[in-house]
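So the protein sequences, as listed, match chains A and B. Residue numbering for the first sequence follows my numbering, starting at 513 and increasing by one per position. Residue numbering for the second sequence follows my numbering, starting at 171 and increasing by one per position.
These are calculated hints, taken from the structure and not from any lab test. Idealized CB from N, CA, C, for every residue including glycine. Certain hints may be false.
Claimed, not checked - Computed beta-carbon distance windows for the label pairs: (1) A:R556 <-> B:R181: 50 to 60 Å; (2) B:K323 <-> A:K555: 29 to 39 Å; (3) A:E615 <-> B:D284: 33 to 43 Å; (4) B:I195 <-> A:K555: 51 to 61 Å.
Stated by the list, open to error - Cβ-to-Cβ under 8 Å is the rule here; a few derived chain B residues that face chain A: (5) A217; (6) E219; (7) P221; (8) G222; (9) H223; (10) R224; (11) S326; (12) G327; (13) Q329; (14) S330; (15) R333; (16) L334.
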Amino acid sequence: MMSELEASFTSAKEAKFPAAADTGAKGLSSWELAEMVKDYLAKRGFTADRSSITGDGSQLLQFFGGFDGIQSGVDIFPNGELVVIVRKAGMNQIFEVAPNELERVATLLTNGGSPT
Amino acid sequence: MAAAQPRCRIRSIPRRLHSGARLEIAVGSDDNLFVRHAALPPGEPYALEIPGHRVGDQSGNSERINGSTGKPQDVLYDTKTGDHYFDLQIARLPVADILALRIPNENTIIYNKDGSIREPAKVFSFEVKHEPTPCMYPHCAIYALRDGDRPRKVASGIQSAIRLAFAQIAERSREEMSEYRLERKQGCLARIAIMLAALVGSAIAIIVHLRRLALR
Chain A
513 MMSELEASFT SAKEAKFPAA ADTGAKGLSS WELAEMVKDY LAKRGFTADR SSITGDGSQL
573 LQFFGGFDGI QSGVDIFPNG ELVVIVRKAG MNQIFEVAPN ELERVATLLT NGGSPT
Chain B
171 MAAAQPRCRI RSIPRRLHSG ARLEIAVGSD DNLFVRHAAL PPGEPYALEI PGHRVGDQSG
231 NSERINGSTG KPQDVLYDTK TGDHYFDLQI ARLPVADILA LRIPNENTII YNKDGSIREP
291 AKVFSFEVKH EPTPCMYPHC AIYALRDGDR PRKVASGIQS AIRLAFAQIA ERSREEMSEY
351 RLERKQGCLA RIAIMLAALV GSAIAIIVHL RRLALR
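If we strip away everything but chain A, and leave its shape as in the complex, we get (with noise of 0.2 Å):
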């Protein structure tokens, strides 16, 4: 069981942060970043089925609604640096996205994790 779980983080695809520097979000704080992207979600028909705060402060949107039995989320941390998550037919997929593409995030939370 462990090798399966250890073999679905290998091949997760973890995409380096563009410099975080020029992203629009930037002076936003946390909260209103979290807002900022709930409500960009929300105009293209994702609604969080669970949203919480994590024991390491960021916060968590959960959908698991998508078709194929996929479960994907969108953590926000508080330093603005967004993380998509897809667990896909047992294998999961990383993403790490910066704050001003917001439409890439979209993209893979309707790909179920493809990029395009």
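Since the structure of chain A is provided, determine the placement of chain B on it from the hints.
Quick look at chain B alone, frame taken from chain A:
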């Protein structure tokens, strides 16, 4: 050798859980940890996290160290204020599964000019330490390690990956564990009041019944 713990001052925590003179011991890989978390609605999975899970240092209770009289619900006692967690739920994490976790951070790979790997990815693993407190002898902590050392900071993507990995471990016993709750203990006066109310209720029912019989 660690010193014995000071006395537990919270009376509502059973004595069997107090550390007293007992010292810390090693946690075996055949053990289970019980971790409390905010309750999820019935039938809902953990999905991407165990609510409230702390990546760097997560508390839990050892099943083995707690012994045969121990219960999973013991993790629902609050050992600082005595304001216990009656509404929380419990996740079970087998120690063997925690120790087997390996999460590489692919952003830390360093490549040579020809594309070959000069330094492989830093890998996150976990250790489980028994850390008894005065009121909770089976208390343990799960620490994240980066290439064997405790990191000061964990990258955002790795934090999400770690939370997801632990949620997947806990998911295997989600249904079974969602049944466990800490029972509220009634005080002596409350129990007497409930018994008196039951007696008065029964007496009134008997009187009403007898009056009906007398009126026939």
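Evaluated hints:
Distance hint for R556 of chain A and R181 of chain B: a CB-CB separation of about 54 Å, consistent with the stated range 50 to 60 Å. Taken as a hint, the range 29 to 39 Å holds for the pair K323 of chain B and K555 of chain A, whose Cβ atoms sit roughly 33 Å apart. Taking 33 to 43 Å as the suggested C-beta distance range, the pair E615 of chain A and D284 of chain B conforms, at roughly 35 Å. Between I195 of chain B and K555 of chain A the CB atoms are about 55 Å apart, so this pair conforms to the stated range of 51 to 61 Å.
A least Cβ separation of about 5 Å between A217 of chain B and chain A falls short of the 8 Å threshold, and the interface hint therefore holds. With its C-beta approaching chain A no nearer than about 6 Å, E219 of chain B sits inside the 8 Å limit, and its interface hint holds. Taken as an interface hint, P221 of chain B checks out: its beta carbon lies about 6 Å from the nearest beta carbon of chain A, inside 8 Å. A distance limit of 8 Å between C-beta atoms decides the matter here; for G222 of chain B the minimum to chain A is near 5 Å, and the interface restraint holds.
Because the beta carbon of H223 of chain B sits about 5 Å from the nearest beta carbon in chain A, less than 8 Å, this interface hint is met. Below 8 Å, beta-carbon pairs count as interface contacts, and R224 of chain B has one with chain A at about 4 Å; its hint therefore holds. With its C-beta approaching chain A no nearer than about 4 Å, S326 of chain B sits inside the 8 Å limit, and its interface hint holds. Checking G327 of chain B against chain A by beta carbon gives a least distance of about 4 Å; that is within 8 Å, so the hint holds.
For Q329 of chain B, the interface hint holds, the least distance from its beta-carbon to any beta-carbon of chain A being 6 Å, beneath 8 Å. Taking 8 Å as the C-beta cut-off, the interface hint given for S330 of chain B holds, the closest approach to chain A being about 4 Å. Evaluation of the R333 of chain B hint against chain A yields a held restraint, the C-beta minimum of about 7 Å falling below 8 Å. Taking 8 Å as the C-beta cut-off, the interface hint given for L334 of chain B holds, the closest approach to chain A being about 6 Å.
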